[in-house]
Structure formats: C-alpha cells, structure tokens
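Q: Listed below are the residues making up each chain.
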Amino acid sequence: MGVESGIKELVERALDAATSAGASYADARYLNEEWEAIDVQDDRVQGVDRGATAGIGIRVLVDGAWGFAGSARLDPSSIDRAAALAVEIARSSQAVKGPSVRLADEPPQTAVWATAIEEDPFAVPLEDKIALLLDASGRMKMVPGLGIAEASIDLWRRSSFLVTSEGTRIDQTLTQSGAGIRALAVGEREVQQRSYPNSFRGHYACMGYEHIRAMDLTGNAQRIAEEAIALLKAPELPSMETTLILDGPQLALQVHESIGHPIELDRVLGMEAAYAGTSFLAPPDRGNLRYGSPVINITADATTPGALGSFGFDDEGVEAQRSDVITEGVFRQFLSSRETAPEIGEARSNGTMRASGWDVIPLIRMTNIHLEPGASSLEKMIGETDEGVFMSTNQSWSIDDKRVNFQFGCEIAWEIRKGKRRRMFRNPNYAGKTVDFWSSCDAVGGRDEWAVWGTPNCGKGQPGQTARVAHGTAPARFRKVNVGVRG
Amino acid sequence: VIPGELGQERLAEAADAALTVGADGVAVIAIHSIGGLTRFASSRIHQNTWREDMEFRVVAVVDGTKMGVASTHSLEPGAVRRAAEDAVAIARVTPGDPDFPGLAPAASFAEKMGFDEATASATPADRAEAVRHALSEVPGTMEAAGYVETVADEVLITSTTGVRAFGRTTRAGISVLAMTDDSSGYAERLERGLSDLDPTSLATRAVDKAERSRDPKSIEPGAYTVILEPAAVSTLMQFLGYLGLGAKAFLEERSFMTGRIGDKLAAELITIVDDPIAEDSLGLAFDFEGVPAQRVVLIDHGTAKGVVWDRATAKKAGVSSTGHGLPPPNSYGPIPLNLRMEPGTSTVEEMVASTERGLLVTRFHYSNVVNEKETVLTGMTRDGTFMISDGRIEHGVKNLRYTQNTLEALSNVEAVGDKTEISTELFFGGSRAPALKIRDFKFSSTTTH
Chain A
170 MGVESGIKEL
180 VERALDAATS
190 AGASYADARY
200 LNEEWEAIDV
210 QDDRVQGVDR
220 GATAGIGIRV
230 LVDGAWGFAG
240 SARLDPSSID
250 RAAALAVEIA
260 RSSQAVKGPS
270 VRLADEPPQT
280 AVWATAIEED
290 PFAVPLEDKI
300 ALLLDASGRM
310 KMVPGLGIAE
320 ASIDLWRRSS
330 FLVTSEGTRI
340 DQTLTQSGAG
350 IRALAVGERE
360 VQQRSYPNSF
370 RGHYACMGYE
380 HIRAMDLTGN
390 AQRIAEEAIA
400 LLKAPELPSM
410 ETTLILDGPQ
420 LALQVHESIG
430 HPIELDRVLG
440 MEAAYAGTSF
450 LAPPDRGNLR
460 YGSPVINITA
470 DATTPGALGS
480 FGFDDEGVEA
490 QRSDVITEGV
500 FRQFLSSRET
510 APEIGEARSN
520 GTMRASGWDV
530 IPLIRMTNIH
540 LEPGASSLEK
550 MIGETDEGVF
560 MSTNQSWSID
570 DKRVNFQFGC
580 EIAWEIRKGK
590 RRRMFRNPNY
600 AGKTVDFWSS
610 CDAVGGRDEW
620 AVWGTPNCGK
630 GQPGQTARVA
640 HGTAPARFRK
650 VNVGVRG
Chain B
74 VIPGELGQER
84 LAEAADAALT
94 VGADGVAVIA
104 IHSIGGLTRF
114 ASSRIHQNTW
124 REDMEFRVVA
134 VVDGTKMGVA
144 STHSLEPGAV
154 RRAAEDAVAI
164 ARVTPGDPDF
174 PGLAPAASFA
184 EKMGFDEATA
194 SATPADRAEA
204 VRHALSEVPG
214 TMEAAGYVET
224 VADEVLITST
234 TGVRAFGRTT
244 RAGISVLAMT
254 DDSSGYAERL
264 ERGLSDLDPT
274 SLATRAVDKA
284 ERSRDPKSIE
294 PGAYTVILEP
304 AAVSTLMQFL
314 GYLGLGAKAF
324 LEERSFMTGR
334 IGDKLAAELI
344 TIVDDPIAED
354 SLGLAFDFEG
364 VPAQRVVLID
374 HGTAKGVVWD
384 RATAKKAGVS
394 STGHGLPPPN
404 SYGPIPLNLR
414 MEPGTSTVEE
424 MVASTERGLL
434 VTRFHYSNVV
444 NEKETVLTGM
454 TRDGTFMISD
464 GRIEHGVKNL
474 RYTQNTLEAL
484 SNVEAVGDKT
494 EISTELFFGG
504 SRAPALKIRD
514 FKFSSTTTH
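Chains A and B supply the protein sequences, listed in that same order. Position 445 (the first sequence) corresponds to 614 in our numbering; numbering is contiguous. Position 121 (the second sequence) corresponds to 194 in our numbering; numbering is contiguous.
Only chain A is shown next, with the shape it has when bound in the complex (with noise of 0.2 Å):
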C-alpha cells in the first residue's frame, strides 16, 4: 500500500514548478480516491458502481495571496501547466487583493500512515456484499405490507501525497466503511421510514469490512420493517411544550449542526457567507460564551480509533489532534487552520483542513466532534422523567445561516409518562435555538451508551464539497422544547 514512487516524483515536480514560477509557498497533493457502491432494493441489485479518481492539486501563495490548480492529466507536461496556472491564479487575486494571508508555523512532518484495518473491504468477494446485502433486503420485504426495502454498502479508499515547500512528505492511507438498511412503508398520504444502523445509508466508519460484519444488518431487518410498518397507523406526536430525550444517532447531527458547523473559524471569519454561511459565535466568545450547561462537553478528535473524521494528518501536514472545544457548558476553542489560527492570535493550526477532492482546497472540516459522556443513562433519564418523548434517528434536519434557529425531523418517537416509555408517534420532529437549547440539557448518557456515529455527508464550500466527519454521542435529555412542530 502507499503511493508508487512514479507518482511522488510527479507530485516532487508539480511543487518544484510552482515555486519556480514565483511561489512562496505551495503544497502539491495527490489523491488516488477508490470506491465501491452497491444498492439492493427488495429483490434487486440496483447497481454496482466501482471506479478510482486521481489527480494532482497545486496550492500556492504568491504575494499573500493564494491560487490553486488541480488536473487529472497525471503527465509531467500537464503538471508543469497546471503548476504555473496555479501561480498565474494567485496572481490574478492581486486584482482584489486584501491583507496578506499568513500561515501559522507548523515543523515539516515526514510521515507514513495508514488507517488499522483488520480486514481489507475492498477484497471482499462483492458476491458475498451483494449477498448480505440482499438477505438484509430479503428480510424486510417478507413482513407483510412493506413497500420498499433498501441495503447498502459504502467503501473508499483515499491514498494520498502531500508536499510541501517547507519540506513536508506525507504519504497517507484512509480505509472507509459503511452499511445500512432501511424500511419504507407506503401510505395513502404518507410514506414512513426506519433505518439501521443509521439513516443516510447507514453506519460509518475509518474501518475495514469488521466494522460492516459487526452490523448484524439481517437480524435488525424484521424490526425496522415491523416499525416502520406500525408508523403508518401510529398517532402523530402533538405540538407541544415537553421535556426530549434524543438517541445517540439524532444526538449526533444535533451536534453536528449546531456545534460542529458554528465552530468553523473560517464561518466565523466570513470566508463561508454567501454560501454556507457564517456563525453565531466571534473570537471574544473563546472562555466566555456559555454554551450549555454544565454537563456539555465537547471536544474535536480526529485521533479516535476508527471513527469517520480521523486521519493522521490534515491536508495542510497538520498532525491530527485532540481539542476541548466547550468545557462544563463553556466555549472554548474553534477548529482552526494554518491561515485562520494566527487571526485570532493562535499560535498554531489545530489540525482540521481537508478537501475532498484532488480537485479542491482544504477547507476546515470537522474532524471527530464529541459530546463527552456524562453520568446518567437512557434507563435513568426515561425513568426520572414524569412526561416527555423520546426521539430517534435523523430523518431531516434545517438551520438558520447564523446556527442558531434549527428544526430536526425524526423517524420514530415514543411518548413518556411516569418514567415509562408509551406509545409510539408518528412525524416527529423539533425546534430550537443553539444555546438555549444545550443550556436545557440535564443529563448525558454514560460511557457505556456511548458510539461514534459517522456522518458521511457533510457539505461545504464552493465547488461544493462533501466531508466524511464523525461524532460521538450517548443519549441525553433536553427540558422545555418545542416538539410537534406543523405547517
């Protein structure tokens, strides 16, 4: 594994081109992404879809200001033209020049890394994915009255190479996996889902095809199916006033939205308006802003074993990192690149940009945001609740352009009432604002309630790029929250 020699010399050469036509600094990465996607839907294979995407990308700044070019043409000619491009780029952004950019100092890393699998997806026989997949699917459609049964498996393998002009050689290695099922039952005016591991195709991981045998996709199926069926004819949850409980999977895009993306620095700085937008938080809130309450903690990763948003470098040679990033309620620290640290008077990066893409630049990406365990449990919260619901499973989700105004969808819900779990509601869904809403958090599942939840859809930047992040979670309860929102 790595990446052959023949291609380092090109990358070697793409980085010496742009610093001889006039860079101060340039970086040169190459990525070589495989994937393999498969997709069953009841008796079906939908299809097979397996290919690679390589290709170089140039970073440079000529005069504080930066141009990037990426080609796919892996030729030296082509490299040389897309090197010196890169340069003319940067120079074209004098035309509206503002401060130079500066990087924060970062020691050049020599490194060799590669994510621990125990076993390699991409050589297991695809007969035999198609066949978990369609036993899964199997499984679903024999309960009666199911309309639509789903499975399916997601692998990448990302091997890169990145140099750097300051003398940075990393040569990395990424195995991602993931799977999933899901249960659509077909109503007259309403169609109802359920979803194992996760919602979204599933569970995710920086894990070989371990992660996917751990699933038990096949023995969950007549469950979801059996839910997703009951659904249909559940009551809806009412609109109401109430005390929320959220399973760890719903926790996870919970933090995701309305942690993660407002601790972006590059949001935070403006770099993000006109497209994703911006962030309710700004620089003087490090130390001082309270978040939540006392029992939310959180910290940004990318050094977790296994989980979706590890690596062991950024794509700036950045070496992965562990961060508090809200402590006992209050905010502590944003994710930073070698750019945006120094602006707010950091010293140094703490290690979250990556692209997606040879094609793209890093950007800042959430690596792996944790809400830290807490002392309590599902048991406990459910049991010392007198009326309240519990919420499971992302089905939708929608926030404000500042991160403050939010509203989630959820699959399934079941009402509490006297520390009991009751009845089942259909169309669950609530809302909220950012830090009233951590401030009403009273109780945090336990480390054995405890998983990382991958989450490998998150979209930023222009070209839009998507981030494979992770967030650990345990179940936790909220009080005073606006559920059963309607139209």
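One should not assume that every hint holds.
As the list claims (entries may be wrong) - Stretch-level coverage of chain B by chain A, calculated; a stretch enters the list once three of its residues show a Cβ under 8 Å from a Cβ in chain A:
| hint | region |
| --- | --- |
| 1 | 166-172 |
| 2 | 270-284 |
| 3 | 371-381 |
Said to hold, decoys possible - Result set (DSS-like, lysine-lysine): computed pairs, CA atoms no more than 30 Å apart in a straight line:
| hint | chain 1 | residue 1 | chain 2 | residue 2 |
| --- | --- | --- | --- | --- |
| 4 | A | Lys649 | B | Lys290 |
| 5 | A | Lys310 | B | Lys388 |
| 6 | A | Lys602 | B | Lys471 |
| 7 | A | Lys602 | B | Lys388 |
| 8 | B | Lys337 | A | Lys402 |
| 9 | A | Lys649 | B | Lys471 |
| 10 | A | Lys589 | A | Lys549 |
Claimed, not checked - Computed far set for chain A versus chain B, every beta-carbon distance over 12 Å:
| hint | residue |
| --- | --- |
| 11 | Arg182 |
| 12 | Pro294 |
| 13 | Asp570 |
| 14 | Lys649 |
In case anyone wonders, no lab produced these hints; they're calculated from the structure. Glycine residues also receive a C-beta, built at the ideal position from the N, C-alpha and C atoms.
Given chain A, work out where chain B should sit, using these hints.
A: Same frame as chain A, but now just chain B:
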C-alpha cells in the same frame, strides 16, 4: 497556459477502447470538465481555483440482464479498457434484473447551442475583473462575499448499440452577498456566458437589499402573504422535482403525483415543465443513457400532467423514456434537472403595491423535507426579508423559519412574475423561476438576526 478542450474525436478515441471488451453490450459516458472558480469574502479574493477533470463511466451488460459499472478519471492509455474489464467482472457476479431495459438504441439529437467560446477560455484575470466590477458597487460601510465561476463541459455517450451523442456546454455564475452589521442582501445569476452576468447591476441589487434591511425588526411567526423572489421559488420547485416529479417515486407511490394525474394540485396560474432543450436552459440535448431529452409538462395551469422517465421506469410502466436518465447505476430513478416555472404577467413592484400586509423573501436557506408525500418543507429566510405594509416595502425583518406544504402554497398563488431567473445549480441544470405572490404562507418560528 489554459489547457483546452479534448474534442469529440479525442474523447471518442478514449471511450471507444471500452466497446470491444467482450460483453453483450457496452456504453460509455465520458465527461470532460474545465472550470475556474474565484471566491471573494471580506471584499477580497480569498479562494481562487481551477480544475480539469474527466470521467469515463463504463456500463457493461452480460447474459442479457446483468449490469456492472466501473469508472476511471484517467486518460492514460489502457485506463478506460481496464474500467471496462472491471465493469464486465462486476456484471458477471451481479444477479440479473429481469426488468433491465437494455442499452438505449441509436438516436438522433437536436442541435443545441449551449457553448460560449469566451466563457470556455475565460482566464483567471477575466474572473477577477468580474469580481472587481461587482465590488466597485459595494460601499466601504459594507463587506461583500460571493463567487464568479466559468465552466466548460464536453459530454460524449457512445455504445455498442450505436449511440453517439456529443454535446458541449458552458456556464457562468456569479453571486454577491452584501453585508452590514445587522443586515445582508443577496443576488445571483447563472447564464451560458460570462459576458451575460452583469456583475455591477447584480451587486447593486445586493447592496440595495442590505441597505434597506438595516435595523431589522422582529415579527411574530404566523401566516403571511409572501412575495417570493425567483431564488426562493426555485428552492420550492427543486424540492418538488426531487420528491415527486420523477417516475421512480411515482411508480413506488412515494410521489405526491401518484394517483393524481389530472387532479388540480396548484393554482391555474402555475405551469411547471422540465425543459433541457430550451435555448435558455443549461441542459444537454440528451440524457446519460443517450436518449434524446424532451420537454415534459409536469403541472399545466395547476393540473398534474406527468413525470419524467428514464429507460428502466418507462419499461416498467410501458411508456417511453423522456430522456431524463441519470448516470448508471442509479438508485434514484429519473429526476428533472432543468425545471422551469412559466412566467406570468406581474412585476414584483405590482405584487408589492397590491399587498396590504406581507413579506418579501429574497431567498431561502437550508431547506429540507418534513413530509415528502405531503410536500411539507421547512427552511429559513436569509439575505433580505422585508415587511410590506399598504403596498410599500416598510422595513427589514429578522429571519423566519417557514414550515409549509408546497402544493398548498402553489394553490394559494395570486400572481406570477413576468421575468424568470435561473437559480440553484444542479449538475448541468438549474431551475428557472419567476417571483410568486402567495397568500397564507406559514412561518413557524423566528431567529436572532
């Protein structure tokens, strides 16, 4: 130093290496794309990029009904052939689909003029100049952010069944967000050519909105008459397209159109079509299965007329493909990528003048589905939301969350704008919409800005 197009011959030469791989049938979708994107924020260029990519997606069919797909992004000799061999290997171990419609037969395609040479060869300096023009309209009391993009694509579909479709297309886009301490204004434009973008007038629009929405006031959520500008209407229409205007959702009864063809779903004033071949759309003359793309009427003066089809869904229903197939393998089914709502006769000024109390909405942010079959969506307003009183724009308001049944909103349309704009890029497409005046549009909560 900008590398140019590959051209039909070079693309075909690379793609044709797949056709003799030894399968019942082979099709190749070849896409070559070159584009530059210049982003600005805090009134300076902060991200300035260029990319050249190519993809050869090979579809192989064996034993009549077994399909495999493999792709490469390499022009290296042998790469496409290796992808073809991989596609065959995948097909061999994939169970057959008795409903597989086969590869598309040869067809002829309408000529479509969609290529602007100046846009294809636009330089970084050209894009920076457009940014400079836009920023020249932004006063020192405001900050601006946005992008200028130029893209050229070449697409070739070739197959052992005789399909040989080639198209070249360009597009250029610009957005300008003008911001004050407590307000913002936005304008965006997507066209075939860089010269059509008019950065200064667009920036003027954004600045005007930011200026007029200063010191925004909080209002109560509830039902309001709204005037949705084209970008906001596009959001609603794109979701309708995604949720229910494709044949797969229609056949699986997940679509709001299922069982309702011929029913009145919207106001008489509303006609929605998908039209990839219109001169002013950004689409191609063929789809990714190599089928000629057709104009499809989806909602005609409020009445449900039909959905778009690809070859697999058309075979199941015993109809013909309308040329809306996505690149295989495709579990989503056909989706309309070039939606347009037909214009009406009202100007936005007339809509405002006829409104006693209501809201003018520039665009929506981060919308999502609440109930797919009922077409209930939720999302936020942003970048210019205004209170209208007694026929005049009175003041800016803090942003609101809408939670609204889209078909109900389209049934409550009182006026349709006389001009359309393309918004929200989606692959080669984007949707073209007019402004709408809608009564009883529901807002469920507010936010802090």
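Q: Does A/Lys649 pair with B/Lys471 here, judged by a C-alpha cut-off of 30 Å?
A: 24 Å, holds
Q: Taking the minimum C-beta separation from A/Lys649 to chain B, is that value above 12 Å?
A: 15 Å, holds
Q: Mind checking the alpha carbons of A/Lys602 and B/Lys471 for me, to see if they're no more than 30 Å apart?
A: The hint holds at about 14 Å.
Q: Does A/Lys649 pair with B/Lys290 here, judged by a C-alpha cut-off of 30 Å?
A: 26 Å, holds
Q: Sort out whether B/Lys388 lies within 30 Å of A/Lys602, counting only the CA atoms.
A: This hinted pair is violated, its Cα atoms lying about 48 Å apart.
Q: Using C-beta distances, would you say chain A covers the region 371-381 of chain B, given that this needs three or more residues below 8 Å?
A: violated (count 0)
Q: Tell me if the straight-line CA distance from B/Lys337 to A/Lys402 falls inside 30 Å.
A: With a Cα-Cα distance of about 28 Å, the restraint between B/Lys337 and A/Lys402 holds, given a limit of 30 Å.
Q: Please confirm whether A/Pro294 is truly not at the interface, meaning its C-beta sits more than 12 Å away from all C-beta atoms of chain B.
A: Answer for A/Pro294: violated, closest chain B Cβ roughly 8 Å.
Q: How about the region 270-284 of chain B: do at least three of its residues have a C-beta closer than 8 Å to a C-beta of chain A?
A: violated (count 0)
Q: Next pair to validate is A/Lys310 with B/Lys388; report whether the Cα-Cα distance is within 30 Å.
A: 23 Å, holds
Q: Count residues of the region 166-172 of chain B with a Cβ under 8 Å from any Cβ of chain A, then say if the count reaches three.
A: That given contact holds, which follows from 5 residues of the region 166-172 of chain B lying within Cβ reach (below 8 Å) of chain A.
Q: Would A/Arg182 pass as off the interface with chain B, using Cβ distances and a cut of 12 Å?
A: 16 Å, holds
Comparing the model with each earlier hint shows violations of hints 2, 3, 7, 12, 13; every other hint is respected.
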